[in-house]
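Visitor: Next come the chains, spelled out residue by residue.
Number of protein chains: 2
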Amino acid sequence: MSTLHQPRQRLIRICEGLPVDSTPIWFMRQAGRYLEEYRRLRQRYSMLELCQTPELAAEVTLQPIKRFDLDAAIIFADILLPLQALGVPFYFAKGEGPVLEKPIQTPQDVERLHTTDAEERLTFVYDAIRLVRQSLDEKIALIGFAGAPFTVASYMIEGGHSRHFAKTKLFMHEQPEAWNSLMTKLSTVTLRYLQRQVEAGAQVVQLFDSWVGTLGRYDYRTFVMPHSAAIFAGLRDAGVPSIHFGTGTSTFLDLMKEAGGAVIGVDWRVDLDEVWKRLGDTTILQGNLDPVTMLGSRQTVSQAVRRVLEQVKGRPHIFNLGHGILPETPPENVETAIQQVRSWPEIGKQI
Amino acid sequence: MSTLHQPRQRLIRICEGLPVDSTPIWFMRQAGRYLEEYRRLRQRYSMLELCQTPELAAEVTLQPIKRFDLDAAIIFADILLPLQALGVPFYFAKGEGPVLEKPIQTPQDVERLHTTDAEERLTFVYDAIRLVRQSLDEKIALIGFAGAPFTVASYMIEGGHSRHFAKTKLFMHEQPEAWNSLMTKLSTVTLRYLQRQVEAGAQVVQLFDSWVGTLGRYDYRTFVMPHSAAIFAGLRDAGVPSIHFGTGTSTFLDLMKEAGGAVIGVDWRVDLDEVWKRLGDTTILQGNLDPVTMLGSRQTVSQAVRRVLEQVKGRPHIFNLGHGILPETPPENVETAIQQVRSWPEIGKQI
Numbered sequence: 001m002s003t004l005h006q007p008r009q010r011l012i013r014i015c016e017g018l019p020v021d022s023t024p025i026w027f028m029r030q031a032g033r034y035l036e037e038y039r040r041l042r043q044r045y046s047m048l049e050l051c052q053t054p055e056l057a058a059e060v061t062l063q064p065i066k067r068f069d070l071d072a073a074i075i076f077a078d079i080l081l082p083l084q085a086l087g088v089p090f091y092f093a094k095g096e097g098p099v100l101e102k103p104i105q106t107p108q109d110v111e112r113l114h115t116t117d118a119e120e121r122l123t124f125v126y127d128a129i130r131l132v133r134q135s136l137d138e139k140i141a142l143i144g145f146a147g148a149p150f151t152v153a154s155y156m157i158e159g160g161h162s163r164h165f166a167k168t169k170l171f172m173h174e175q176p177e178a179w180n181s182l183m184t185k186l187s188t189v190t191l192r193y194l195q196r197q198v199e200a201g202a203q204v205v206q207l208f209d210s211w212v213g214t215l216g217r218y219d220y221r222t223f224v225m226p227h228s229a230a231i232f233a234g235l236r237d238a239g240v241p242s243i244h245f246g247t248g249t250s251t252f253l254d255l256m257k258e259a260g261g262a263v264i265g266v267d268w269r270v271d272l273d274e275v276w277k278r279l280g281d282t283t284i285l286q287g288n289l290d291p292v293t294m295l296g297s298r299q300t301v302s303q304a305v306r307r308v309l310e311q312v313k314g315r316p317h318i319f320n321l322g323h324g325i326l327p328e329t330p331p332e333n334v335e336t337a338i339q340q341v342r343s344w345p346e347i348g349k350q351i
Numbered sequence: 001m002s003t004l005h006q007p008r009q010r011l012i013r014i015c016e017g018l019p020v021d022s023t024p025i026w027f028m029r030q031a032g033r034y035l036e037e038y039r040r041l042r043q044r045y046s047m048l049e050l051c052q053t054p055e056l057a058a059e060v061t062l063q064p065i066k067r068f069d070l071d072a073a074i075i076f077a078d079i080l081l082p083l084q085a086l087g088v089p090f091y092f093a094k095g096e097g098p099v100l101e102k103p104i105q106t107p108q109d110v111e112r113l114h115t116t117d118a119e120e121r122l123t124f125v126y127d128a129i130r131l132v133r134q135s136l137d138e139k140i141a142l143i144g145f146a147g148a149p150f151t152v153a154s155y156m157i158e159g160g161h162s163r164h165f166a167k168t169k170l171f172m173h174e175q176p177e178a179w180n181s182l183m184t185k186l187s188t189v190t191l192r193y194l195q196r197q198v199e200a201g202a203q204v205v206q207l208f209d210s211w212v213g214t215l216g217r218y219d220y221r222t223f224v225m226p227h228s229a230a231i232f233a234g235l236r237d238a239g240v241p242s243i244h245f246g247t248g249t250s251t252f253l254d255l256m257k258e259a260g261g262a263v264i265g266v267d268w269r270v271d272l273d274e275v276w277k278r279l280g281d282t283t284i285l286q287g288n289l290d291p292v293t294m295l296g297s298r299q300t301v302s303q304a305v306r307r308v309l310e311q312v313k314g315r316p317h318i319f320n321l322g323h324g325i326l327p328e329t330p331p332e333n334v335e336t337a338i339q340q341v342r343s344w345p346e347i348g349k350q351i
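Going line by line, the protein sequences match chains Z and A.
The opening position of the first sequence corresponds to residue 1 in the working numbering, with each subsequent residue numbered one higher.
The opening position of the second sequence corresponds to residue 1 in the working numbering, with each subsequent residue numbered one higher.
Partial pick of chain Z residues on the chain A-facing surface, computed with a CB cut under 10 Å: (1) F165; (2) K169; (3) R217; (4) Y218; (5) D290; (6) Q303; (7) G322; (8) E328.
Honestly, the hints are just simulated from the structure, not real lab data.
All of these numbers come straight from a predicted model, not from anything done at the bench.
Glycine included, every Cβ here is placed at the ideal spot set by N, Cα and C.
Let the sequences and hints guide you as you build the complete structure.
Guide: Spelled out as structure tokens, the structure:
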């Protein structure tokens, strides 16, 4: 391949094994409540209005890009948007997160899901992606994303956030055929949704399995892995790298890697050094700063960032948090973290 | 040692490396809301009244023992009881758990803690232990317990339950001296509290570090481990085995073992088989049934119990849940789990 055809975005270069001049960096939920320009928009529009109006979603996506020297924009959306397309309405209750009025309780509820052409009912996401690509500097990668089948299924069954995921786990164990059907429907629609995001201009896609860490290996392998694997298998032809992210996943990171994803995203509970030992030094890891450290002083941020960077030792790494940025995060701390990553002397080894 | 002096309790025998005729079994929170006889008492008395009235605490402690063929009773108490002794009042808000009106925010707040003779202000716990021992079958071990310094400190700093433990982590990182002082005070009082429980008749003690899994290895090693280790070191002269329990601890189980405890308690996120590989086959493990499976059908319980037992393969094991029994658990399911453990054919290998 001629160098003229090599991608310019650091995030994509590292996924393709190409040299980079600095560690790629972005932050999960980098477009969000910690930015006053976002909060101002939220005074006028609901979360769903922002997501469903391409011009607004594009504006929000670009807000952190205008402020910070980031290597990626991630399209502003919510992992539950596909629920409405599936015929499962939800809303965001103030301070409580998503609420589903009719959670999935029976095999009949699963049968009723409108999967046919569900991805066609999400055109506002693709339109937002097209708008962002029009104004995004070509050095910055645009990331599309979706919730992973387990995490989305857990909201569908619990009806909202959950602590113990009791209904989800019991559904899984006691109605394995209906669970399998639900997960198959979700993985099918999720794959098509991500493919459409790529067609619209997403250059990387991330699958968020945010709550899968509530499971042990047996449950992950039996009830989740095949469905996430189907998505990554289907994405192979899409021609873009994919990121497989979860929290609390330390006991089955090998299975997550086997399920797929060019990049494995990990939370702060693991040491990157240890994960590379287990998964191999060529595994591209994303993470894993504890989002809580970003609420601290400049020195706290700086020390925490350093502890992440010190573990890298020339291995392929995308700097990020271990989970989404917290709404209380001072934007100056994002600046501090980025500056530290940019000035880290070790990067030479990665080139 | 003559066999006459050998302990008769399976739980203690396994801790001392002696043969057992059946896997010892008990359940964290086995005295609690899933039992109607407990709920009846709670209609008349508050949680704190039950804890602070030795006759009532003893009665509640014995409730599950009267129903089930268990190998241990655990004294009915709460990990936050020492807070009042330290001069930090709290109450249980309906459905919200503990609420502290004056959380720890500054180094001065730490200085003000009344550690001198704090354990003397918890005599109701020792009295309850004495009462239970008077009527407990000598084949059944009586477990005393305390919250571990990190978990108790997190309540003191957050003011109650927490999702991100943000205040706790920032206190730890930004006020390391005050943190160290707080943890030293807590470990000192906790050690004395456990020693007094042993003097009163507790035959085993468990340290609950229920929320420490929110930390990564660096934080655990730097800010927590020395303080938990001080407690286990101090307990060496107490002459009873100790259990070191936490959830979400898979990334630093080796450090927890190093900190101390004859038994390591683990949650359902890890495979026992994998933990024995990492910590060595002679490590005594306690756990690790997912409490959620206990809400399911008889078949769900039975399959989940079997998956735990199948991993044991003759290694030293105390059957338990991976965390406390959930209030919605049908008592029949406890019966089912116990029967299955009692009839498990592999136990012969452990003798």
